[in-house]
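Q: What follows is each chain in one-letter form.
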Amino acid sequence: MKQWIAFWSIVHKDIQAYYLKPPNISWGLIFPVAWTGMFFIKSGSGLESILTLLPGVIAISILFGTTSMLAVTVTFEKKNRSFERLLLAPIPLELLMLAKTGGAILFGVVNASVPIVLALFLTDLSQVAWLTVFFVAVLIAISSTFLGLFIAVSVSEVFEAQTFSNFFRFPMIFLCGLFFPIDSIPALLRPLSYLFPLTYGADILHGAIHGKNIMPLPLDFATITVFCMVLFYISLRNINRKWIV
Amino acid sequence: MVTQLQTTAPNHEQNVLIEVSELTKRFDNVTAVDRISFTVRQGELFGFLGPNGAGKTTTINILTGLARPDSGVIRIGNLNYSKNPKIVQHLMGIVPDESNLYPELSGFDNLCFCASLYGVSKSEGRTRARELLETFDLKEAADRKFAGYSKGMKRKLTIAAGIIHRPEILFLDEPTTGIDVASARQIRQLIAELHRAGTTILLTTHYIEEAERLCERIAFIVKGQIVRVDSVTNLLQPIQERKAMLISFLSGANNLCSKLVATFPDFEFQSISAEQVRVESANIINIGPLVRFIEDQGAEVTEARRLRPSLEEVFIRVTGIELNAMRREIEKGKGNL
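If you read the sequences in order, they're chains L and F.
Going by our numbering, the letters in the first sequence line up with residues 392 to 636, in that order.
Going by our numbering, the letters in the second sequence line up with residues 622 to 958, in that order.
Just so you know, the hints here were simulated from the structure itself, not pulled from any lab data.
Just so it is clear, the structure is predicted and the values come from calculations on it, not from any experiment.
We treat Cβ as the ideally placed atom computed from N, Cα and C, and that holds for glycine.
Mixed in with the good hints, there may be bad ones.
Unchecked claim - Looking from chain L toward chain F, a few residues come up when the C-beta cut is under 10 Å (computed):
#1 Ala397
#2 Arg472
#3 Glu475
#4 Trp634
Excised from the complex, chain L in its bound form:
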């Protein structure tokens, strides 16, 4: 019970101190809007293209939202030593890091809802499997957050975290089948696509929104779940190794 008081308090504190700050709210709203507008206009194929673009925009909104925030909530706190306060609290490291990433996961899911709400005004989304979209949005948010955590633990400065994040994020835009089918990627680069969790999340989104997934959905769900667990485990191991010296 006492550990859960600490857990919710960390989540609440992060939301209060970071996620509900005006710059982050505007980032959380403007960024997905900009992506949505950019792709819809650039595609030039009219409103009918929304369904094919929506999975990519949802995924990218979550990816950028979560990974950017973790650089602040973890790297910044590590640098000013307030993270030590959490490490010294009588709660297991696993629970502590789940609390620390909880706010970012929620932020990612909220980010995902922005392009969906926009699309609702522009096209008919009656055929969308909403429950699947919700679960995969949560899974993409978790995997992206844990990727952000992995990055945040690997660096010591906020700017390093942002730079290192881009090392993963930009290739993922092109390699994960968000806007171009994986089949159209050069054969040499194609194996790389399968090394990113977002590939599987995007595939589920394509399946749930316009029925065009390339892998079986159970395989996608299983793979992205495994990615989440592996990334979390590596991050915990790194914290144990690097921060509790």
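Since the structure of chain L is provided, determine the placement of chain F on it from the hints.
A: For chain F alone, coordinates are given in the frame of chain L:
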């Protein structure tokens, strides 16, 4: 996870709460803590005294679970803490050497948050936070962001955060370093009050006077090794039996110290500066002949003062660290005693 401490164990000194044996910590080729052993009794205010880089903070980090020892055993109560620090962390309050609260949160919110980390309920945490803000004279600043606090205020709030969950053991790492005289004095009073209330306190400092004033027992730590652990009374005893005086004069005599040594063989002389000589003896120092002799050498004596035996002197004798070196340490830390 509620652990009750039993402080009496077979073969252990009664009421020993923290027992550290052969603790070692290396960073690459540097041995930061070198096979140190000590005990802290329940309710005791135990001091760790040493210059910067002596290994004080590393020891605190190991004891609180922020660092892992390379070898050695730590027992807190009857629990082997070395293996799993989490088992007793709820009993500890930690005040690090730098204030590390959340700059974005107000003083009040910071305290409530720290209380919740130890499982204190929201209502209890808020009550306790108000109580501590009052105690630490921070009530007016309760709603201000921590980032806007002065250094002294930050330090006080950090100490308040360390005791918000009423810990049984409080670790204070350099609590008065770098803050103004008034805040430092208030913090020392608060530490003394916590001690009187029965909290076991482990205090690290490089301010000798602070350790002497507050602590019951002190460990001198130099280059990662404990060179002496004893009560303040016992530490002071050897020098208390000796008499010491400081004679100040206006410069004018050459080789005064060597002339004094030759003339007064029963006394020990130490030249402090060109205008000060320290005299020490096991017997009563008759000041008259000394003053007359110095004035005969052409110097005008301005002051002759009896010196109170101090821990600083003991520290210098035991550790071999020069007085001036310690003073430089204090100046580096913006001395405030």
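Q: Enumerate the violated hints, using their earlier numbering and listing them in ascending order.
A: Result: no hint breaks.
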